[in-house]
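J.: Take a look at the letters that make up each chain.
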Amino acid sequence: MNLISFSAENIAKTFNRRKIFNDISFTMKEFNSLAITGRNGSGKSTLLKILAGVLSPTKGEMNLVIEGRVIKKEEYFVHLGLVSPYLQLYDEFTGWENLDFFRKVRGLDTADEYLAELLSRVNLSDRKNDFVRTYSSGMKQRLKYAFALIHRPVILLLDEPTSNLDDEGIATVYQIMEEQKKSGILIVATNDKEDITMCEYVIDLNIQTLKKGEK
Amino acid sequence: MKTGSSISATWTIFKKDMYSELRTRYALNALLMFVITTLSVILFSIGNENVSPELLAGVLWIIIFFSTMSGLSRTFVSEEERGTVMTLHLIARPLTVFFGKLLFNLILLGALNVFTVVLYLLLVTGFSVVNYPIFIITIILGTLGLGSGSTIIAAIIAKANTKGTLYPVLSFPILLPLLLTVINATKLSVEGVPLVDAIGEFQVLISYLIVLLAISYLLFEYIWKE
Ligand SMILES: Nc1ncnc2c1ncn2[C@@H]1O[C@H](COP(=O)(O)OP(=O)(O)OP(=O)(O)O)[C@@H](O)[C@H]1O
Ligand SMILES: [Mg+2]
Chain A
1 MNLISFSAEN IAKTFNRRKI FNDISFTMKE FNSLAITGRN GSGKSTLLKI
51 LAGVLSPTKG EMNLVIEGRV IKKEEYFVHL GLVSPYLQLY DEFTGWENLD
101 FFRKVRGLDT ADEYLAELLS RVNLSDRKND FVRTYSSGMK QRLKYAFALI
151 HRPVILLLDE PTSNLDDEGI ATVYQIMEEQ KKSGILIVAT NDKEDITMCE
201 YVIDLNIQTL KKGEK
Chain B
1001 MKTGSSISAT WTIFKKDMYS ELRTRYALNA LLMFVITTLS VILFSIGNEN
1051 VSPELLAGVL WIIIFFSTMS GLSRTFVSEE ERGTVMTLHL IARPLTVFFG
1101 KLLFNLILLG ALNVFTVVLY LLLVTGFSVV NYPIFIITII LGTLGLGSGS
1151 TIIAAIIAKA NTKGTLYPVL SFPILLPLLL TVINATKLSV EGVPLVDAIG
1201 EFQVLISYLI VLLAISYLLF EYIWKE
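Residue numbers (this note's numbering), protein chains in the order written: chain A, 1 to 215; chain B, 1001 to 1226.
Keep in mind the hints are simulated off the structure, nothing from the lab.
All clues given are correct.
Okay, derived cross-link-like pairs now, DMTMM-like style, lysine to aspartate or glutamate, Cα gap no bigger than 25 Å in a straight line:
no. : chain 1 : residue 1 : chain 2 : residue 2
1   : A       : 104       : B       : 1021
2   : A       : 19        : B       : 1226
3   : A       : 73        : A       : 109
4   : B       : 1159      : A       : 91
Residues of chain A placed beyond 10 Å of chain B at every Cβ, according to the derived structure:
no. : residue
5   : 10
6   : 42
7   : 113
8   : 119
9   : 172
Built from N, CA and C at the ideal position, the CB exists for glycine as well.
Bound-form chain A, shown alone (with noise of 0.2 Å):
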């Protein structure tokens, strides 16, 4: 019996009647990872949100099914991580309120912990009572890290990865997107061939076709 399956079939979207992508269609399994690839503007981030449920597309259908039971587009939220240079997290509230404000509002019963947990496995144990105004950009690259990880989402959604982070951060990311592929799916938009690698799957957006990856 299959516990989660995500697929998409025939996303389009189109801003302005300018066409970005066409007929995306894919399916993932649990332990399934997926990178999407492309060159700048080619709709990889695009796609990324569209998948989150955060922008609608154009055409076509998304299908999310957790052990048997059909997610509803609004409850994408729950299952779902995301961590893109598009999201902001609150700067004008410190590392911890703004984890602890994602816990509430989630209603999830997380332990303080889980959250300091979480804090030092990206290295933000020391600033957590700083205001995230004050963080660098790899600091707040961090923070997203525990933002997407803290409902445990049995499906991540990466955006750039890497970016802004030194060797340590991008060895945590790297040890974060192996335990996703254990745990569920793991979907990477990047050019990046170390991340590509990392996947099973690849989507190319130049070319819009779904390939098994070199691995």
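With the hints as your guide, set chain B with the ligands onto chain A.
T.: Showing chain B with the ligands alone in chain A's frame:
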């Protein structure tokens, strides 16, 4: 379970906006400055003239209306400007966001209106209320109506490109019936008619509020979705 968790999620959004407001003073400063400056200008221009209390009832609502316009649009515009709209999409249902913001706007506007009304009663000597129950009910219903109306309008204009100018333009026709009715009811409280004579006005205000909330409820998901 779902309703219970949405109520606490709504409350969390409200609290976040409250703390955010206390830290950034995004809306509060604009609101207070507006009330204080307009009130001073009005006091200067009245001088020693004898202005009818009926006219002063209208002036009070002009202050309240425009200060609402200057401040409350911030609730959605600030999320849009800072790019945190996507963050909200990723953590909460649309209606949770809407009701959290609505609650915040109502509390903010309520506090502001208490401040404005008290100041107005103290400083504008020509304005004296005879029937206080009518006056207080009018202020409460007016605050609820203005707060609800401006919340949904703020959500609409946050998506538009011409945020600043569009707000009063769009608000005016939507809020006009409300404004006319509260001005009328305030006049009644100044004239000192018995409470029953103002029931008609109250019914209009309550119906207006219900219609506004129902429309917001149906419309918000479409507005919120990109
Ligand atoms: N809100 C928008 N309105 C109009 N056009 C948009 C909008 N967002 C994106 N686009 C256009 O859609 C196209 C795809 O953008 P997108 O950001 O998805 O590309 P990308 O593949 O992620 O690029 P990059 O490699 O630079 O990150 C671009 O041509 C961009 O100009
Ligand atoms: Mg991109």
